[in-house]
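Engineer: One letter stands for each residue in the lines below.
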Amino acid sequence: MADLDMLDNDEPLLVANSLSKSYGRIAACRDVSFSLYSGEVLAIVGESGSGKSTLLQLLSGQLAPSGGHVSYRMRDGVSRDLATLGEAERRFLFRTDWGFVHQDPAQGLRMAVSAGANVGERLMAVGWNHYGRIRDTASDWLTRVEIDVARIDDAPRTYSGGMRQRLQIARNLVTEPRLVFMDEPTGGLDVSVQARLLDLLRSLVAELHLAVVIVTHDLAVARLLSHRVMVMKGGRVIETGLTDQVLDDPREPYTQLLVSSILPP
Amino acid sequence: MNAPAYNFAYLDEQTKRMIRRAILKAIAIPGYQVPFASREMPMPYGWGTGGVQVTAAILGPEDVLKVIDQGSDDTTNAISIRKFFAKTAGVATTAATEEATVIQTRHRIPEAALHEKQVLVYQVPIPEPLRFLEPRETETRRMHALAEYGLMHVKLYEDIARFGHIATAYAYPVKVNARYVMDPSPTPKFDNPKMDNCPALQLFGAGREKRIYAIPPYTKVVSLDFEDHPFEPYRFNAPCALCGAENSYLDEIVTDDKGSRMFVCSDTDYCEGRQAAGHHGSLSAAPYKERAQETSNG
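Keeping their order, the protein sequence lines are chains H and P.
For what it's worth, UniProt numbering labels the leading residue of the first sequence as 1, then goes sequentially.
For what it's worth, UniProt numbering labels the leading residue of the second sequence as 1, then goes sequentially.
Incorrect hints may have been included.
What the hints assert, rightly or not - From the structure, some residues in chain P lie toward chain H, with a derived Cβ separation under 8 angstroms:
#  : residue
1  : L146
2  : E148
3  : L151
4  : V154
5  : Y157
6  : E158
7  : I160
8  : A161
9  : R162
10 : F226
11 : E227
12 : D228
13 : H229
Simulated from the structure, these hints should not be mistaken for laboratory data.
Every residue gets a Cβ at the ideal spot worked out from N, C-alpha and C, and that includes glycine.
Given only the sequences and the hints, what does the whole structure look like? Please build it.
Structural biologist: Following this line, the structure appears as structure tokens:
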């Protein structure tokens, strides 16, 4: 498996080619291009309204771009333009090979059904039909995201914010996706919980060799998790590069402002 | 004052044509919910407005109508609907399952085996099996279109996680013709196996929700389950207190305020037929008991 991944690394997993999106006269996203390779973590940083979330939706095929295209290398090794995928294929991709971690866990979880069923849903959606095996896999994933297995039958609405977020991650990773989109996964959590979550994410990403596109306004998150950083402003990518390079030696005035606005510890 | 002149079977012919078109489409796509322009009927929603419209659309002057409510021919709902069609269509009515050509039902499938010359019309309150799991109609339609039914198993999973077995006892989801997941209306899951490969045409009408769906004769109907928790029809383990039947679906009747109860067949026609044939149970009324004794003595 590891060998296969090595071979695969030659080809990018996800390619964005001059992506644009405008809402009427407002250009939310302008001419964004990049390639993402498997096992690579890309952080998209920028202030509110800079087009980060729009870009994430374009990349994950939830929004149709006004210009440009996104292609994804499917499990069979063939790269396909997301716009040419049928809805059934796109949705299948979304619940097997992709993950999407929302900022608000209530959007990504079914709050009224048990944690076990939340994790098991994707498995059942791809045809698992054995209760015992689904439950074992769900328990296994709860352990991996540090949730007490005794709480497998509790609904996520009885969980704390940090647990909900970890459950959401387990639910996404259970089908062993190759690409995960994350929209501010640590937003709204207190710092100690954030630190634990980031730690968990970092180990899972390394262990599963995940490619991740993570949108965040928190530069600390970008520094901890990502290999590369894209800085966005007004819908454009104004600076891109290796994480430490961009954050330690920012070139653009806006990036310098962003970096310097972090309070020194 | 003159008596109101109803069209045959109450609905006007154009409305019946519209409903028949929906029925034909439903038969062509087994298990698929066909929207139709449901009319107001002279009865409240929840009393079978969908079933009544389907019955009105398929009824002919030669038909013999049977109406049951929870298996019973003599409850308010069943009697009212039977009288309604006796008055507006002048068709013959019956309580005997074998004699009927159209059977409108609420919550049961008759115990007697149905045959090819019969149509079973179900009254359906909530046609969408995914409703309580996915509140958006746009989303459930898309899920049906793409046959994404993982969510249905989430419900069954929850049952097992909470109760140790699949506790859904009625409206148990089925897959029709290996394609559409369908809500069999709130029939007990005891009745689910009867839908499979049934010689009679089964039509489902939901008046408030404006949907018609169908199972054509001899169609495969499979109840959803897990490999390690297979589907099991549920029946209270007792013989009928009136006719002694061991394999019919039972109603529980509370007989006093001290916790006494009796279990009797919910299908009254079946139970009466058995009693008339000399079967009796632990609480049979005297005449039947005597007759039974007479027959056994003589």
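Engineer: Please go over all the hints and tell whether each is borne out by the structure.
Structural biologist: Hint check:
For the restraint placing L146 of chain P at the interface with chain H, the shortest Cβ-Cβ distance is roughly 5 angstroms, inside the 8 angstroms limit, so the hint holds. Taken as an interface hint, E148 of chain P checks out: its beta carbon lies about 6 angstroms from the nearest beta carbon of chain H, inside 8 angstroms. Residue-level restraint check for L151 of chain P holds (minimum Cβ-Cβ distance to chain H is 7 angstroms; threshold 8 angstroms). With 8 angstroms as the threshold, the beta carbon of V154 of chain P comes within range of chain H, its nearest partner Cβ sitting at about 5 angstroms, so the hint holds.
Annotation: interface hint on Y157 of chain P holds; nearest CB of chain H at approximately 5 angstroms, less than 8 angstroms. With its C-beta approaching chain H no nearer than about 5 angstroms, E158 of chain P sits inside the 8 angstroms limit, and its interface hint holds. A hinted interface residue such as I160 of chain P counts as satisfied when its beta carbon comes closer than 8 angstroms to some beta carbon of chain H; here the least separation is about 6 angstroms, so the hint holds. Interface restraint check: A161 of chain P against chain H, minimum CB-CB distance 5 angstroms, threshold 8 angstroms, status holds.
Taking 8 angstroms as the C-beta contact cut-off toward chain H, the hint placing R162 of chain P at the interface holds, the least distance being around 7 angstroms. Annotation: F226 of chain P was flagged as interfacial toward chain H, and the flag holds, the nearest CB pair being 4 angstroms apart, inside 8 angstroms. For the restraint placing E227 of chain P at the interface with chain H, the shortest Cβ-Cβ distance is roughly 5 angstroms, inside the 8 angstroms limit, so the hint holds. For the restraint placing D228 of chain P at the interface with chain H, the shortest Cβ-Cβ distance is roughly 5 angstroms, inside the 8 angstroms limit, so the hint holds.
Hint status for H229 of chain P: holds, given a least beta-carbon distance of 5 angstroms to chain H, under 8 angstroms.
The structure agrees with every numbered hint stated previously.
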